[in-house]
Amino acid sequence: MSAGWTREQMAARAAQDIPDGSYVNLGIGIPELVAKFVPEGREFIYHTENGMLGMGPPPSEDERDLDLMNAGKKYVTALPGAAYFHHADSFSMIRGGHIDVCVLGTMQVAANGDIANWSTGEPGAIPAVGGAMDLVQGVKNIYVITQHTTKTGEPKLVERCSYPLTGLGVVSRIYTDLAVVDVTARGFRVIELAPGVTFEEVERKTGAPIMPAE
Amino acid sequence: MIDKRCPSVAEAVADIPDGATVMVGGFGASGSPIELIHALIDHGARDLTVINNNTGNGEVGLAALIGNGQVCKMICSFPRSSQSKVFPELYKQGRIELELVPQGTLAERIRAAGAGIPAFYTPTTVGTVLAEGKEVREFDGRPYVMEPWLQADFALVKCEMADPVGNLTYNKTARNFSPLMCMAARTTIVQARKLVPAGGIDPEHVVTPGIFVNRIVEVTDPVHEDLLIAAGRSYP
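If you're matching them up, the sequences are chains A and B in order. Under this note's numbering, the very last position in the first sequence is 214; numbers go up by exactly one each time. Under this note's numbering, the very last position in the second sequence is 450; numbers go up by exactly one each time.
A portion of the hints provided could be inaccurate.
For lysine-lysine, the following BS3-like pairs were computed, each having C-alpha atoms within a straight-line distance of at most 25 Å [claimed, not checked]:
1. A:Lys36 with B:Lys386
2. A:Lys74 with B:Lys218
3. A:Lys73 with B:Lys287
4. A:Lys74 with A:Lys36
Derived from the structure by calculation, the hints contain no laboratory data.
Throw the hints in and build the complete structure from the sequences for me.
This is the structure we're talking about:
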């Protein structure tokens, strides 16, 4: 049993790297937890691609509005200063490079920054892409939060993605349960190890060459 | 004075022919024009190509239209969800066609049609299977994929407030694709929760100008897809 970070700790660690005042888009799953760990003294403005800036936390039963949803089709609230807009404006914010940070989950990330997070490519599976390909191409900084390996122990950080790609060379930083890893011009580099985790363990569980922290 | 009001949802959709391409507003349940979709089910037009972000949920609204065998092709970005059963079953049986389009590209293809721009270049999908067979061109050293506009014969849209001229406002995230679809369709049919006289919407607050709207039906108490599903309802 290795040490390492919990889902919440991974999200909290990612939140520390987001500057005050950033426009942020959070993917479904662990990335959503980032909103719970905004560092003291910082404010992030959340974008949801179905058409809103200034998204707030989930509503109580009383304040729930059936016309106020996020991109995961969950009910949300609007904070003071929020704005609504149509989809072409929303994806102009994404593609036009106006969103600062996107935090996404993934199936695989490659040492060259390629990401595969939309399809297993299995025959018969119903393909569904949503806004993933727009986000990875358009947002300035693409951060990934993921377990270091799959449930069966396969590396998710790999030399080349075997699943169909979402985008090429777009990921800059990865937060796993074991480490924070940068994608550099020379491949993966650990920049921080989770408490109780050794570089050797990270290296063993990574499917590509990885450099230790400097 | 121009008056685009139409007395009923049945009359509003009565001339949609077999084989039509129909844009349907909404993102999941929010903004879905359920009453207009149910009128289209009653009307019975078949072999429809439908453009929506999703493929409907449960057995009401868009899912019911698909389940009733009226749709031969869906153009969407996310054809499955926790509550969508109808489309996945037909798709696995090879009884319905799917054109998968990334969400932002879907929005921009619809906008482009409304704006009279036949194609555009986007960085989205570069190097992926969804770019296969498409023209790629470099601008400032970076590759972009060409995507064509997406036109439609009809759009079915839900709005919050409308005036007889066709000016519209929306409610919160129910806006989503609807303003774009109003621009892109040859005939745009709108259900409004509230009809107000001309001048009842501050011109500064108009989201969709009336030039993009052809027919308006007042549906004062629209049903919501999530509530219908929670109540176990199906249509017809």
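Tested hints:
no., hint, result
1, A:Lys36 with B:Lys386, "holds (24 Å)"
2, A:Lys74 with B:Lys218, "violated (35 Å)"
3, A:Lys73 with B:Lys287, "holds (24 Å)"
4, A:Lys74 with A:Lys36, "holds (16 Å)"
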